[in-house]
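So the sequences go chain by chain: A and B. Take 1 as the starting number for the first sequence in our numbering and just add one per residue. Take 219 as the starting number for the second sequence in our numbering and just add one per residue.
Do not take every clue at face value.
Said to hold, decoys possible - Just a few of them, taken from the derived set where beta-carbon distance is under 10 angstroms, the chain A residues facing chain B:
| id | residue |
| --- | --- |
| 1 | Y57 |
| 2 | E59 |
| 3 | S65 |
| 4 | F79 |
| 5 | G158 |
| 6 | L161 |
| 7 | L164 |
Please keep in mind that the hints were generated in silico from the structure rather than gathered at the bench. All C-beta atoms, glycine included, are put in the ideal place defined by N, C-alpha and C.
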Amino acid sequence: MILIPAPFDLVPYLLQGVGVTVQLLIASSALALIMSFLIGYGRLSRYRIISLPATVYLEFFRGTSLLVQLFWAYFVLPFFGITLSAMTTGIIVIGLNYGAYGSEIVRSSILSIPKAQIEAGIALNMTRFQISYRVILPQALVIMLPSFGNLAIELLKGTALVSLITLNDLMFQGTVLRNTTLRTAEVFSMVLMLYFILAYPIILGVRKLENRLSVWRA
Amino acid sequence: MWDWSYTLFVLPDILKALKITILATFLGFAMASILGLILAICRRSQYKPLSMAVGAFVEFIRTTPLLAQLYFIFYVFPQFGLALSPLAAGVIGLGLHYSTYLSEVYRAGIDSIPQAQWEAATALSFSTRHIWLKIILPQAIPPILPVMGNYLIGMFKDTPLLSAITLVEILQVAKLQGSQYFRYLEPITIVGLLFLILSYVSSLGIKRLEARVNH
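Please take these sequences and the hints and turn them into a complete structure.
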């Protein structure tokens with residue numbers, strides 16, 4: 001048996017929660033990414049029947065607080081006969097919520113490509129699909145990447161809220177461990193450190209992308 | 219399905235708690251605005267250890283969850299003899315967390331002032347204090363007001379987290395009512411609607427402010 005020195009002996013217990021947090025991070029990021037493109041492109045549509053619902057979605061998810069949405073999905077939906085596990089609720093609500101923020105990244109990046117490029121595409125007799133797929137998207141994607149990285153960090157922070165709907169993520173394990181060991185200061189310091197460690201690779205990635213991007217732009 | 223008499227029964231208590239939510243938002247934002255400016259100025263300091271320490275602090279606070287920070291302030295500070303009420307802990311938590319975001323906003327505003335103005339002010343031998351208060355900040359702050367407004371709305375929507383440190387704000391009241399009467403539908407929906415209405419109206423206000431600033 002190896003003895004781990006003082007605050008770090010808590011880490012193995014917290015790591016169980018890290019697994020859940022990482023699962024949530026990956027699954028809800030994937031959903032958020034899909035929603036970002038759906039809603040972002042939807043808002044750009046010429047047809048009001050598409051752009052209007054997309055705008056309503058955006059305002060709804062940005063306007064009501066994430067925690068309220070989680071509570072609503074967890075406590076109110078069963079009332080309508082829909083009972084979801086805490087994990088499913090967390091993935092869906094966080095994914096849909098951050099997808100709303102992500103849609104603004106998609107939309108603004110696409111709009112930032114000069115209009116002349118679309119005109120040039122038309123002049124070259126490209127189809128609308130070819131213009132958006134071959135001309136606009138490759139450039140817009142590069143612009144989107146650092147912002148998506150930052151959004152992923154925000155999403156990671158947002159996952160801590162699922163502890164309040166009883167999902168045993170890192171934050172939840174922290175509160176449980178605090179109640180059992182009463183080593184409050186050490187437990188919460190370790191929790192903060194672990195979140196930082198989880199976010200750090202994303203920060204480094206964003207920084208690298210931003211540097212690359214400024215070279216690419218120059 | 220929707221019970222109106224129950225709605226009218228729970229509504230007054232929720233509206234009463236709305237005062238706490240709004241109070242926490244404004245106090246938190248006041249703290250964030252002041253602390254954010256201090257962080258932004260410290261980060262520009264010529265004295266490397268200070269600017270690096272501030273940079274690390276900002277990075278750490280920005281990348282860790284607000285909820286974890288709130289727990290830390292509420293449960294760990296008392297161990298060092300600093301017992302805080304839920305409201306005080308919540309305001310400090312919100313203020314600290316958002317000060318790091320606002321410091322970046324201030325930084326963008328300050329960076330947008332041409333270097334020549336610093337040089338001109340120095341050439342006229344103004345004091346540092348005078349340069350900041352009379353020349354730089356009056357120009358740097360108005361353009362960033364809309365962005366700050368967006369963070370104010372963001373902070374407003376983060377106030378339900380304070381229910382986790384036992385502050386009796388609107389979500390906490392809704393939850394208590396829900397568990398007491400076994401009906402969560404009305405109270406939590408009302409809370410959601412309140413957030414939607416208030417943040418939507420404020421965002422319209424900010425759009426107007428934005429239009430004004432860009433003129």
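Checklist entry - If you take the shortest Cβ to Cβ gap from S65(A) to chain B, is it below 10 angstroms? => result holds (4 angstroms)
Next on the checklist: Does the closest beta carbon of chain B sit nearer than 10 angstroms to the beta carbon of G158(A)?
Outcome noted: At about 8 angstroms, which falls below the 10 angstroms cut-off, the nearest Cβ of chain B leaves the hint on G158(A) intact, so it holds.
Item to check | Agreement of hint F79(A) with chain B interface, Cβ distance less than 10 angstroms | outcome: Hint on F79(A): holds, closest Cβ of chain B at ~5 angstroms, below 10 angstroms.
Item to check | L161(A) as chain B interface residue, shortest Cβ-Cβ below 10 angstroms | outcome: Holds - the Cβ of L161(A) comes within 10 angstroms of chain B, reaching about 6 angstroms at its closest.
Item to check | Evaluation of the interface hint that places E59(A) against chain B, nearest CB under 10 angstroms | outcome: holds (6 angstroms)
Checklist entry - Regarding the hint that Y57(A) lies at the interface with chain B, is the smallest CB-CB distance below 10 angstroms? => result Cβ of Y57(A) sits 13 angstroms from chain B, so the hint is violated.
Next on the checklist: Please check whether L164(A) passes as an interface residue: C-beta within 10 angstroms of a C-beta belonging to chain B.
Outcome noted: holds (6 angstroms)
Going down the numbered hints, you'll see the structure goes against just number 1.
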